[in-house]
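Enquirer: For reference, the chains in residue letters:
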Amino acid sequence: MTYAYYPGCSLKGTGRAYEESLLAVLRALSVDVKELEDWNCCGATTYMSVDELASYALAGRNLAMAARENQDIMAPCSACYLVLNKTQHYVHDYPDIRTVVERSLTAIGLTYSDKVQVRHPLEVLLHEVGLPAIAAKVKVPLKDLKVAPYYGCQIVRPYATFDDQLNPTSMDRLLEACGAKIVSYPLKTRCCGGSQKGTLPEVGLDLIRYLLVEAQKRGADVIATVCPLCQFNLDAFQQEAQNDPKLPSMPVVYFSQLMALALGAPATAIGLQRGLTSVQPILAKKEIAYA
Amino acid sequence: MELKRTIKFEADRDYEFSRWISRTVGGENIRHCLQCGLCSGNCPLSLYMDYTPRRLLHLSREGFKDEVLTSSSIWLCTTCYNCMVRCPKGINTTHLMYALKQRAIQEKLYPKRFPIPEMARQFSRMVRKSGRITESWLIVRVLMRTAFWRLFGMSSLGLKLIHAGRMSLKPEKIERRAEIAALLDSVAATKKELAL
Numbered sequence: 001m002t003y004a005y006y007p008g009c010s011l012k013g014t015g016r017a018y019e020e021s022l023l024a025v026l027r028a029l030s031v032d033v034k035e036l037e038d039w040n041c042c043g044a045t046t047y048m049s050v051d052e053l054a055s056y057a058l059a060g061r062n063l064a065m066a067a068r069e070n071q072d073i074m075a076p077c078s079a080c081y082l083v084l085n086k087t088q089h090y091v092h093d094y095p096d097i098r099t100v101v102e103r104s105l106t107a108i109g110l111t112y113s114d115k116v117q118v119r120h121p122l123e124v125l126l127h128e129v130g131l132p133a134i135a136a137k138v139k140v141p142l143k144d145l146k147v148a149p150y151y152g153c154q155i156v157r158p159y160a161t162f163d164d165q166l167n168p169t170s171m172d173r174l175l176e177a178c179g180a181k182i183v184s185y186p187l188k189t190r191c192c193g194g195s196q197k198g199t200l201p202e203v204g205l206d207l208i209r210y211l212l213v214e215a216q217k218r219g220a221d222v223i224a225t226v227c228p229l230c231q232f233n234l235d236a237f238q239q240e241a242q243n244d245p246k247l248p249s250m251p252v253v254y255f256s257q258l259m260a261l262a263l264g265a266p267a268t269a270i271g272l273q274r275g276l277t278s279v280q281p282i283l284a285k286k287e288i289a290y291a
Numbered sequence: 001m002e003l004k005r006t007i008k009f010e011a012d013r014d015y016e017f018s019r020w021i022s023r024t025v026g027g028e029n030i031r032h033c034l035q036c037g038l039c040s041g042n043c044p045l046s047l048y049m050d051y052t053p054r055r056l057l058h059l060s061r062e063g064f065k066d067e068v069l070t071s072s073s074i075w076l077c078t079t080c081y082n083c084m085v086r087c088p089k090g091i092n093t094t095h096l097m098y099a100l101k102q103r104a105i106q107e108k109l110y111p112k113r114f115p116i117p118e119m120a121r122q123f124s125r126m127v128r129k130s131g132r133i134t135e136s137w138l139i140v141r142v143l144m145r146t147a148f149w150r151l152f153g154m155s156s157l158g159l160k161l162i163h164a165g166r167m168s169l170k171p172e173k174i175e176r177r178a179e180i181a182a183l184l185d186s187v188a189a190t191k192k193e194l195a196l
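Residue numbers (this note's numbering), protein chains in the order written: chain F, 1 to 291; chain G, 1 to 196.
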């Protein structure tokens, strides 16, 4: 089946490397996706604090357009994934919200549908493609690369649609299938601070610091993320958060970048050069001869 | 010497606020709150808050409107949903935080030049106009209105991001932008009609 790929705004901007690498992984594993035509912003967490009803309608438009194509949505961005899921739950649970969403969609010639499933790439890769099929396609095993898997909040909370709310393991297993070594990382679903770095910087930096320090303590070579905002926070504000030039830098990459490397995609095609903390030195040190 | 009464009288409480919170989406079970504190214990931001989530729930349902709406907690919440998934009584605390934010914005109870309401305003304006968010312009606009001097501090990061191809000044927009405006107008009309 073909999924309606819903990238969201971040994957066209700061999270471009996520899109590049994810599409490379899906291609290598023959998962068929087609970008949802004329998709709009999901409203993210910000819209919820001005007008939550409008945010359900905005998400509803994307759901309705996917339903018209008879496709399930694949949403890699954690915020998009949550907002779409949340909209489905709230429309189901609250009749008033359903009325608002249905009427607004009718006004633009669309029909709300409950049928669309919102899927996350981790889930599709793990359950539809499967670990044996992935392991069989690995060309460059990520041997001895110690990865701290960092999931962040919103793909597992509040709706644990495909993994545990506090100790998810889907990314761990996918990366292990690519030959990486997963270090125990108890902060895997702790908050990165979201947009707090922009609004209340001292608090945001604190939250970022804990995550980095813990990964270093656990002996990780690299942190793997599934969320464009987590990646941005840990990557772009790393020096500022650590505030200590002696501490080594900790590369922060998308799980899909590691998978794409293992599946033989060339580094420049999957945005490896886009990270502000460079991952190439550690790959060279581990003698991982990626394309 | 400024004298300030620290204890509230029964008559100071705002019952309308108390009723409102228990009728709000997510607050249906607020009367069942046990004050167990799992929400506060699991909240990664509670150590910075003036009222932790547990205290905030209690103050809200008892009608301490001013304390709640001027609290720093509602702006510190990053909506990580830890409180909600751990609550043994099914109180949707995260969603109540959203509701409190909206109410504080409506009643203009936030510090001057505070970036979060401005961020929300610019974000929704951009979505209405273009259907999508262009991160670079969103940041510039919010900082212009709240802390323009920080734009200079951030310029080196901005340049690095542009160099890495992660930040573009080209505005993102969708084709059928009129649909977004019509959609949002319809939401506003229904909201008014049903008094939501």
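Since the hints were derived computationally from the structure, they do not count as laboratory data.
These numbers were taken from a predicted model, which means no experiment stands behind them.
Ideal Cβ placement from N, Cα and C applies to all residues, glycine included.
It is possible that part of the hints are untrue.
Quick partial rundown of chain F residues pointing at chain G, CB under 8 Å, derived from the structure [stated by the list, open to error]: (1) GLY198; (2) LYS217; (3) GLN273.
With a Cα cut of at most 25 Å, we get these calculated DSS-like pairs of lysine-lysine [unchecked claim]: (4) F:LYS146 / F:LYS181; (5) F:LYS285 / F:LYS217; (6) G:LYS4 / G:LYS160; (7) F:LYS12 / G:LYS129; (8) F:LYS115 / F:LYS34; (9) F:LYS139 / F:LYS285; (10) G:LYS8 / G:LYS108; (11) F:LYS137 / F:LYS285; (12) F:LYS34 / G:LYS170; (13) F:LYS34 / G:LYS160; (14) F:LYS34 / F:LYS146; (15) F:LYS286 / F:LYS246; (16) G:LYS160 / G:LYS108; (17) G:LYS129 / F:LYS246; (18) F:LYS34 / F:LYS143; (19) F:LYS143 / F:LYS217; (20) F:LYS181 / F:LYS217; (21) F:LYS12 / G:LYS108; (22) F:LYS12 / G:LYS170; (23) F:LYS217 / F:LYS286; (24) G:LYS4 / F:LYS12.
Enquirer: Now look at each hint and say whether the structure bears it out.
Expert: Do the hints match the structure? See the list:
{"no.": "1", "hint": "GLY198", "in the structure": "holds, 7 Å"}
{"no.": "2", "hint": "LYS217", "in the structure": "violated, 18 Å"}
{"no.": "3", "hint": "GLN273", "in the structure": "holds, 7 Å"}
{"no.": "4", "hint": "F:LYS146 / F:LYS181", "in the structure": "holds, 5 Å"}
{"no.": "5", "hint": "F:LYS285 / F:LYS217", "in the structure": "holds, 19 Å"}
{"no.": "6", "hint": "G:LYS4 / G:LYS160", "in the structure": "violated, 51 Å"}
{"no.": "7", "hint": "F:LYS12 / G:LYS129", "in the structure": "holds, 18 Å"}
{"no.": "8", "hint": "F:LYS115 / F:LYS34", "in the structure": "holds, 18 Å"}
{"no.": "9", "hint": "F:LYS139 / F:LYS285", "in the structure": "holds, 18 Å"}
{"no.": "10", "hint": "G:LYS8 / G:LYS108", "in the structure": "holds, 23 Å"}
{"no.": "11", "hint": "F:LYS137 / F:LYS285", "in the structure": "holds, 24 Å"}
{"no.": "12", "hint": "F:LYS34 / G:LYS170", "in the structure": "holds, 24 Å"}
{"no.": "13", "hint": "F:LYS34 / G:LYS160", "in the structure": "violated, 31 Å"}
{"no.": "14", "hint": "F:LYS34 / F:LYS146", "in the structure": "violated, 33 Å"}
{"no.": "15", "hint": "F:LYS286 / F:LYS246", "in the structure": "holds, 22 Å"}
{"no.": "16", "hint": "G:LYS160 / G:LYS108", "in the structure": "violated, 37 Å"}
{"no.": "17", "hint": "G:LYS129 / F:LYS246", "in the structure": "violated, 46 Å"}
{"no.": "18", "hint": "F:LYS34 / F:LYS143", "in the structure": "violated, 33 Å"}
{"no.": "19", "hint": "F:LYS143 / F:LYS217", "in the structure": "holds, 20 Å"}
{"no.": "20", "hint": "F:LYS181 / F:LYS217", "in the structure": "holds, 15 Å"}
{"no.": "21", "hint": "F:LYS12 / G:LYS108", "in the structure": "violated, 34 Å"}
{"no.": "22", "hint": "F:LYS12 / G:LYS170", "in the structure": "holds, 11 Å"}
{"no.": "23", "hint": "F:LYS217 / F:LYS286", "in the structure": "holds, 19 Å"}
{"no.": "24", "hint": "G:LYS4 / F:LYS12", "in the structure": "violated, 53 Å"}
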